[in-house]
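If you want the building blocks of each chain, they are given just below.
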Amino acid sequence: MDVRAQVSMVFHLDKCIGCHTCSVACKNIWTDRKGTEYMWWNNVETKPGTGYPTLWEDQEKYKGGFEKSKDKLRLKLQGKLGALANIFFNPYLPTVDDYYEPWTYEYGNLFNAPEGNDQPTARAISMISGKHMEMKAGPNWDDDLGGSPVYAENDPNLRGLTKEERQELDELKRMVFFYLPRICNHCLNAACVAACPAGAIYKRGEDGIVLISQEKCRAWRMCISGCPYKKPYFNWSTGKSEKCILCYPRLESGQAPACFHACVGRIRYLGILLYDAGRLKEAASAPDDKLVDAQRDMILDPFDPEVIAAAQACGLADQMIDAAQKSPAYKFVKKWKLALPLHPEFRTLPMLFYVPPMLPVLARVKDKLYEVAGADRDGLTSLLSSLEQARIPLRYMASLFTAGNEEIVAAVYRKLIAVRVCMRAQRVKDVPEAEVQQALAQGKTSLEEAEAIFRLTALPTFEERFVIPPMAREMAIEQTLDPFTHKPEAGFGSRQPPERKW
Amino acid sequence: MFDYLLFAVFPYVAVVLAVLVGIYRYVTDRFSYSSFSSQFLENRMLFWGSVPWHYGILIILLAHLLAFLFPKSWTALISVPVRLYVLEVAGLALAVVTIAGLALLILRRLLNPRVFVVTSGMDWVLLAALLVQVVLGFLVALLYRWGSDWYLYTAVPWLVSLLKLKPQIQYVTALPWLVKLHMLGAFLLIGLFPFTRLVHLVSFPISYLWRPLQVVIWNRRSRI
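For the protein sequence lines, the chains are A and B, in the order given.
For the first sequence, numbering that gives the first Met the number 0 puts the final residue at 501, and the numbers step up evenly by one.
For the second sequence, numbering that gives the first Met the number 0 puts the final residue at 223, and the numbers step up evenly by one.
It should be emphasised that the hints constitute simulated quantities derived from the structure, not laboratory data.
Given the structure is predicted, the values throughout are model-derived calculations rather than measurements.
Cβ atoms here follow ideal geometry from the backbone N, Cα and C, with glycine treated the same way.
Any given hint could turn out to be false.
Covered stretches of chain B, as calculated for chain A (at least 3 residues, CB under 8 Å) [unchecked claim]:
(1) 28-38
(2) 109-115
(3) 189-203
(4) 206-214
Partner residues aside, some chain B positions facing chain A, computed with beta carbon under 10 Å [unchecked claim]:
(5) F9
(6) E41
(7) N42
(8) L45
(9) V50
(10) S119
(11) M121
(12) W123
(13) W217
(14) N218
Only chain B is shown next, with the shape it has when bound in the complex (with noise of 0.2 Å):
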C-alpha cells in the first residue's frame, strides 16, 4: 500500500502540482517566472559551478529522455559492449562535474554574503533535492552498473504505464532503495518545479532564434 501511494499516487500528485501551479502563477505572478540571476553579484565562482552544472544536467537529462522515448534505439545503440562502456563512463565523468559544479553553486550561496542575501528558503530546499537527487544518480550509476540497460526494463514500463493512466508499480518496487529513491526524487523535483525558481525551466528563450533583431510596439496598429 505504502509502495503504492509512492509510486502511483505520488507521480500525479507531482505533475498535477506542477502544471496547476506552475499555470497559477504563470498567469498571477508572470514577474517571478525568470531565473533570478545573481551573477552580477558575485561571477567567477559561477562560472565555474554554472557552466559545468547547467551542461552536465542537461546533457544527463536527455539521455534519461532519449531512453525513454527510444528504447528500441538505445537497445540498439548499447548492444555493442565498447559503445556501453564509452556511455557508462561518460554518464559517470558528467556525473561527477554536475556534482562538482552544483556543489559549488551551493558554496557559493553559504560563503558569499551577498549572495546569500538574495537566496530564499524555498532556493535552499531546492538546492539540497538536487543536490540529493545527482548524489544517488551517480551512487546507482556506481553501484548498480549497466543502468543504461536495466532502465528500459524497469523505470521505463513504469513511466510507460503512469502515462497510459494504468500505473504497474511492480516494475520497481522489487528495486534496491538507493534507486527508489532517485526515482522518487525525480519526482520531488517535478512537484518542486512550480514553488521554485525552476520555473526558468519552461522560460528558455528558444523564440530568440527566430525573431528579428528589432522590437517595436505599438499602441493600435500592428506594425514592425
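One chain only, chain A, in its complex shape (with noise of 0.2 Å):
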C-alpha cells in the first residue's frame, strides 16, 4: 500500500449564495497582476450555463482530460509525439476571446476632457492592447443565467436530457439553476502534469498540491488544453501558464486558503484525504459508471490500524494522519458518502468533491393551496417533491458528478432527504415518526448520523471546517537557515519579479 496524503476540498453547493466573495478573495491575492486580469482561479459558474471559459467541458471541442483507449489510459489531447508535433501551434487551445479581453475605463478623461457641450465619458479601454474596444463577454456574464437562450441551452450536460426534459428546463429557466464554484482540484491523475511537455507542473509529494514552476513554464501551452477543467491560465504578459496554487503559502502557516477562508455561505470544507496511490490507474481507468465508486475505494479509512501503519511505513508524519482522522473531507467522501467528484469521466481524479444542491421543489399553487408536485409519490410529507420529479432532472446532475451514473446520485438525495426529514422532526416536530425511520431506511442512514451530517453542514466551527496539519516545511528547509527567518518567507521559492527582461 502505497499511502498519500493529499489536501482536500468539500464544496456544499446548498449552501453557495453565488456571492463570488471567494473569486474576489483569490483574484485580490494572486491575479491582479498584469497579464492575469482575466484569470479566475477561483470561479462561480451559473448551471446550467456554459461556464469559463466558454463551453470547458466540451471536450470534443477542447480535447482535456484522459480517455481510455485498449484498456490503456491516453492524454485525450494527443500522445507524447503528437506533443511535439503540435508544439508550434496548440489546435486546442482557448484563446483569450473564449474568455474575455480584460477592459478598464478611461477614467482620466472624466477630469482631463477639455471643456465642451458635452458631458465627458469614460469609454472601455482594452487592458492588452490599450485601445478603445466593444465589451462582448466579461467575467460572469452567464451569472444568474442572463441571457439564458444563449448561455444555459448549449450547458453540455443537457445533452443526455429528453426533448420534454429539456422544454421544462426552458420554461422555468429563470427559476432553476444553482451556483457552481471551481478552483483547481489538484487532481491526483492530473492531466496539466502529464501534458506539459517541459515537465513544469508536478505535484507535492508531501500534501498533493498541483504547482506549476515559473522558471521551467517553457510556454509550449498544453496543460491549458489538456486540463478538462481549463484552471491553467495563460499569462500573456510574462509567457507562462499560472493556475491555483491552493494558497499554500497559507496553509503551510496554518491559514485556509483565501477563497476559503473568505466564503460567506461557509460551503467550503478542507481536510486531509489518505489515498493508495498504487492503485491510482486501477481508478482511473475504471468503467464510466464505476468510476465514483473506484476513487472512493482509493481513499482509505485513516482510523484503520493497518492503514496507520502502512501510511507510517510511508514517511507519513504523525500529524498528517491525525489531520486526516479529523478531516471533514474524510466524513463527506468516504464516511457519509454525499461528496461526489466534478465530471469524474474525464479520469483525472480530482480531489474537490461536491456536496450536490437539494433540487429546487417543484410547486404550483393550486386552488390557493400550495402543491408540491410528486411529494406523495415516495410516502414523505410534502416537503420535498419526489426525486423522479425534480425540477432538475437527476440525469443532469448525473452528467455533472456520476459520469452518468444516476443511482449513486440518487442515493446522495436519498439521505440528504433523509436528513432534512429527520431535522425537521426534531425541531418542528410535525413529521410523523413512520415517515421519519421510512426517509432514514430510504437514504440508508441513521439517526446518529443524520444528525452528524446536520451538525457538520449547518453549525461546524471554523476549526470543523478547515483541519490544515502542519505542513511540515521544516522538512524542506535547510538546518542552517534560521527558523524564524524562513517562517515570514514560507512558500516563496522565486525571488525574481514575475516579469520577461529579455
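Put the complex together from the two separate chains, hints included.
Okay, structure coming up:
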C-alpha cells in the first residue's frame, strides 16, 4: 500500500449563495497583476450554463482529460510525439476570446476632457492593447442565467436530456439554477502535469498540491488544453501558465486558503484524505459508471490500524494521520458518501468534491393551495418533491458529478432528504415517527449519522471546516537556516519579479 | 583585412557570445528561457504563419547540417542529376513556404494590436534579421544554381577551418556578395540568439518522450 496524503476540498453547493466573494478574495491576492486580469483561479458559475471559459466541459472541442483506448489510459489531447509535433501551434488552445478581453475605463478623461457642450465619458479600453474596445463578454457574463438561450441552452450536460425535459427546463429557466464554484481540483491523475512537455508542472508529494514551476515553464501551452477543467491560465504578459496554488503559503502557516476563508455561505471544507497511490491507474481507468466508486475505494480509512501502519511506513508524519482522522473531507466523501467529484469521466481523479444541491422544489399554487408535485410518491410529507419529479432532472446532476450514474446521485439525495426529514421532525415536530424511519431507511442512514451530517453542514466551527495539518515545511528547509528567518518567507522559492526582461 | 574580420573574427565572436551570454541568461534569468507564445492572443494567422515557418526552416537547416556533417554521402546523393534537381526544387519550394510563413508572422505582429503589444524591440530586430537571412538564402539558391553542390567546396571547408581554429577565409572571400551576406547572416543570428526569444531553440522539450506522465516532487526523499 503506497499511502499518500492529499489536501482535499468539499464544496457544499446547497449553501452557495453565488456571491463571488471567493473569486474576489482570490483575485485580490493572486491575480491582480498584468497578464492575469482575465484569470479567475476561483470562479463561480451558474448551472445550467456554459461556464468559464465558454464550454469548458465540451471535450470534443478542447480535448481535455484522459480517455481509455484498448484498456490504456491516454491523454485525449495527444500522445507524446503528437505533443512535439503540435508544439508550434496548439490546435485546441482556448484564446482570450473564449474567456474575455479584460478592460478598464478611461477615467482620466472625466477630469481632463476639455470643456465642451457634452459630458465627458469614460470609454472602455482594453487592458491588453490599450485601445478602445467593445465589451462582448466579461467575468460571469451569464451569472444567474442572464441571456439564457445563449448560455444555458448550450450547457453540454443537457445533452443527455430528452426533448421534453429540456423544454421543461426552458420554461422555468429563470427560476432553476444553482451555483458551481470551481478552483483547481489538484487531481491525483492530473492531466496538466501529464500534458506539460517541459515537465514544469508537478504534484507536491507531501500534500498533493499541484503547482507550475514558473522557471521551468516554456510556454508550450499544452496544460491549458490538457486540463479538462481549464484551470491553468496563460499569462500573456510573462508567457507562462499560472494556476490555483491552493494558497500554499497560507496553508503552510496554518491558514485556510483565501477563497475558503472568505466564503460567506461557509460552503467550503478542507481536510486531508489518505489514498493508495498504487491504485491510481486502476481507479482512473474504471468503466464510466464505476468511476466514483473506484475513487472512493482508493481513499483509505485513517482509523484502520493497517492503514495507519502503512502510512507510517510510507513516511507520513503522525500529525498528517491525525489530521486525516479529523478531516471533514473524509466524512463527506468516504464515510457519508455525500460529496462527489466533478466530471469524473475526465479520469483525472479530481480531489475537490461537491455535495450536490437539493433540487429546487417543484410546486404550483392550485386552488389557493401550495402543492408540491409528486410529494406523495415517496410516501413522505410534502416537504420535498420526489426525486423523480425533480425540477432539474437527476440525469443532469449525474452528468455533472457521476459520469452518468444516476443511482449514485439518487442515493446522495435520499440521504440528504433523510437528514432534512429528521431535523424537521426534531425541530418542528410535525413529521410522524414512521415517516422519519422510512426516510432514514430510504437514505440508508441512521439518526446518529443524520445528526452528524446536519451538524457538519449547518453548525460547523471554523476549526471543523478547515483541518489544516502542520505542513512539515521544516523538512524542506536546510538545518542551517534559522526557522524564524524562514517562517515569514514561507512558500516562495522565487525571488524574481515575474517579468520578462529579455 | 576587412574580410578577415568578417569571416575569421566575427564568427568566433558570435559563437562565444551565444555560448557565454546564453549560459549567463540561463543561470540568472531562467524565467525568460521560453518561446513567449502569443497564440493565446491570436490564433488563426499564427497557424498559417507558425506551422509553415517552423517546419520549413527546420527542414532547410537540417539539409544545411547534413551536407556539412556528411559531405561524402551528400556528394553521392546529388551525383545523380535527377536527385539534384529534386533537391534544388524542393529547397526552393521550402524557401518560398518559409518566407511566406515568416512574412505572415511579421504582418500578424504589425497588424494585430494585441500581439503588437507583446512584441519587444529585440523581437523586431530578430524578425528582420530572420527575414533578411531567408530571403538571401532564397536568392542565392535561385541565382547561383546548384548550391547543394558548391556549398560542399566553399562554405563547408571554411566552416571546418573555423572549427579547427585555423580560419581559411580564401574559400569564401571570392564568392558573390549575396552568398557572403548569407554566410554572415547565419553568424549574426547565432550572435543574436542569446539576446532574443531565439533561446527557445534549446528548450525544445525532447525529454517529454521518456519522462513519466505524472511528476511528483518530495521535499527530501526521491520517490516517484
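Each hint, compared with the structure:
1. 28-38: Contact hint for the region 28-38 of chain B vs chain A: holds, 11 residues under 8 Å.
2. 109-115: Satisfied; 3 residues make the cut.
3. 189-203: With 7 residues close enough to chain A, the hint holds.
4. 206-214: holds (count 7)
5. F9: Since the shortest Cβ distance to chain A is 23 Å, the answer is violated.
6. E41: Given a least distance of 7 Å, the restraint on E41(B) holds.
7. N42: 5 Å, holds
8. L45: 6 Å, holds
9. V50: 5 Å, holds
10. S119: Because about 8 Å separates S119(B) from the closest Cβ in chain A, which is inside the 10 Å limit, the hint holds.
11. M121: Holds. Min distance 7 Å.
12. W123: 14 Å, violated
13. W217: Since chain A brings a Cβ to about 4 Å from W217(B), closer than 10 Å, the hint holds.
14. N218: Since the shortest Cβ distance to chain A is 4 Å, the answer is holds.
Going down the numbered hints, you'll see the structure goes against 5 and 12, while the others check out.
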